[in-house]
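*Asks:* Given chain E's structure and the hints, the job is docking chain C with the ligands onto it.
Top to bottom, those sequences are chains E and C.
Sequence positions in the first sequence follow the numbering used here and run 1 to 416.
Sequence positions in the second sequence follow the numbering used here and run 1 to 91.
Keep in mind that the hints were calculated from the coordinates and are not lab data.
Treat the hints with caution; some may be incorrect.
[Claimed, not checked] Far from chain C, by Cβ distances over 10 Å, these chain E residues were calculated:
#, residue
1, HIS122
2, TYR302
3, GLY324
4, ALA409
[What the hints assert, rightly or not] Covered stretches of chain C (chain E as the covering partner; in silico rule of three or more C-beta atoms under 8 Å from a C-beta of chain E):
#, stretch
5, 7–18
6, 70–84
Don't be surprised by glycine CBs; every beta carbon is placed ideally from N, CA and C.
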Amino acid sequence: MRYSVFSLLAQTLKGHKGWQPTWRDAAPKPEYDVLVIGGGGHGLATAYYLASRHGIRNIAVIEKGHIGSGNVGRNTTIIRSNYLLPGNTPFYELSMKLWEGLEQDLNYNAMVSQRGVLNLYHSDAQRDAYARRGNAMRLAGVDADLLEREQVRAMVPFLDYDNARFPIQGGLLQKRGGTARHDAVAWGYAHAGDRNGVDIVQNCEVTGLTLDNGRVTGVETTRGPIRAKKVALAVAGNSSRVASMAGLRLPIETHVLQAFVSEGVKPLIDTVVTYGAGHFYVSQSDKGGLVFGGDIDGYNSYAQRGNLPVIEDVMESAMALWPGVGRIRMLRHWGGVMDMSMDGSPIIDHTPVQGLYLNAGWCYGGFKATPASGFCFAHLIAKDEPHPVAAAYRLDRFASGRVIDEKGAGAQPNLH
Amino acid sequence: MRITCPHCGARDAQEFSYLGDANPKRPDGLDATEAAMHDYVYQRDNPAGRHRELWYHGAGCHAWLVVTRDTRSHAIEAVEVASTVRSGAAA
Ligand SMILES: Cc1cc2nc3c(=O)[nH]c(=O)nc-3n(C[C@H](O)[C@H](O)[C@H](O)COP(=O)(O)OP(=O)(O)OC[C@H]3O[C@@H](n4cnc5c(N)ncnc54)[C@H](O)[C@@H]3O)c2cc1C
Ligand SMILES: [Zn+2]
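Only chain E is shown next, with the shape it has when bound in the complex:
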């Protein structure tokens, strides 16, 4: 099935009764060239780029639930490339560029919306820090604009500009940042992967990795053993668990991150705003709900649900920044389990086990990374060398001292 204006028109005339499933619900074959564990955005993107860019045909993505049930369908959909450090900036900018052409590439509407991402500052020191970040971005060819208070007020007039403790002085704007429809990203990569011959195997949990002489030879699953020449891990918050099946320990803790959405309201805010005085950010979904995000719960958790203190903290920040929000009711909240790495940055690398590759440690920022993560991971798996843009995301950077610590928080995952 290829989507076009004509397929849409034809279906309209038929009362939309003829749409076909967009990917096959494949049963696992006994053997694959590349087996990707994890049917989230990163796993599906990896398989798609392996097939479409590297011509590898015999690929499967193995997902324990259904695709999109992990973080790719739980995040707050923000995409941006406003990073500071050299290891990060080019990588996230490659991702931004891939987002900009994603829908044409996949033939799928992922509702990529470049509505801008605005980081507010509330003090002189914060303004200087944002000026520095903006300069670093511009040096790397990324767009960045430092706004004065009145320019911010023109964009988002309803915030509390005269808050006694945290008056808004201005903001750093990345105009090309914005949001994308997260489920559609998973569905789009599944759709395009399937069209390139990728088997998408759902309801199939990997329960073991089979090794022979320091080399991976396949996996054990709830649907039987599968042999594979190469096995790639893209299991988000479960990286430590799956890697431990090959006897590996990782520089990672698993933490829960929550998000919240309000009842649907008329268009109120047409950009993404982050509060510089607390961990809080807000955008409005195309359905009308205000989408809020904040901190992780702060202790190791595999619960995939959150606790009240973070909800209260987010709501307090919301009220401090945007008092009018108190008139709106919250609709629901949920949590996802994420890898928090020891420096807050991701890992895309070989593991010490031959034929076993690792894509992990995405912390808060993995959704925006989805296209570049898949692109660079596919490159690593196909060519057995890192993609230049992801070359800093090594597993041994902790041992060698080349950590990428955007926040400068040290080896303390709950502080990143």
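*Replies:* Frame of chain E, contents of chain C with the ligands only:
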């Protein structure tokens, strides 16, 4: 989530700060190898299930505690005062 501090009783988890896994032991002295230090600082078991972890009761008695908790359900099995655990471990 509530943590029952041995000194203060059951308190909201908000009163405590989290440090992380209580199991890694700092390698001793200047003889520690780089590999051992790397292991101690960066590598974690990160289990889904039973986890012994360090919490600081900052809004209470200021004691460090070792809390044994299930990371899947948040159910707490035991809370001990860290100083007694450490000296117990050394004995
Ligand atoms: C509440 C929340 C808000 C967020 N907001 C943002 C944001 O605004 N912007 C941003 O850039 N990032 C955000 N993130 C982070 C981002 O969502 C993740 O880092 C990213 O989606 C992780 O990659 P993934 O999509 O492949 O993971 P997932 O979708 O979680 O995919 C991993 C898959 O692996 C499967 N799996 C695990 N173990 C096994 C096994 N043994 N066998 C088979 N399958 C297995 C899981 O079921 C899961 O489907 C947010 C995360 C959360 C939780
Ligand atoms: Zn106490």
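*Asks:* Confirm or reject each hint.
*Replies:* Consistency of the hints with the structure:
1. HIS122: Given a closest Cβ separation of 25 Å, the condition holds.
2. TYR302: Violated, since 4 Å does not exceed 10 Å.
3. GLY324: holds (27 Å)
4. ALA409: The assertion about ALA409(E) holds, with a minimum of 12 Å to chain C.
5. 7–18: holds (count 4)
6. 70–84: holds (count 4)
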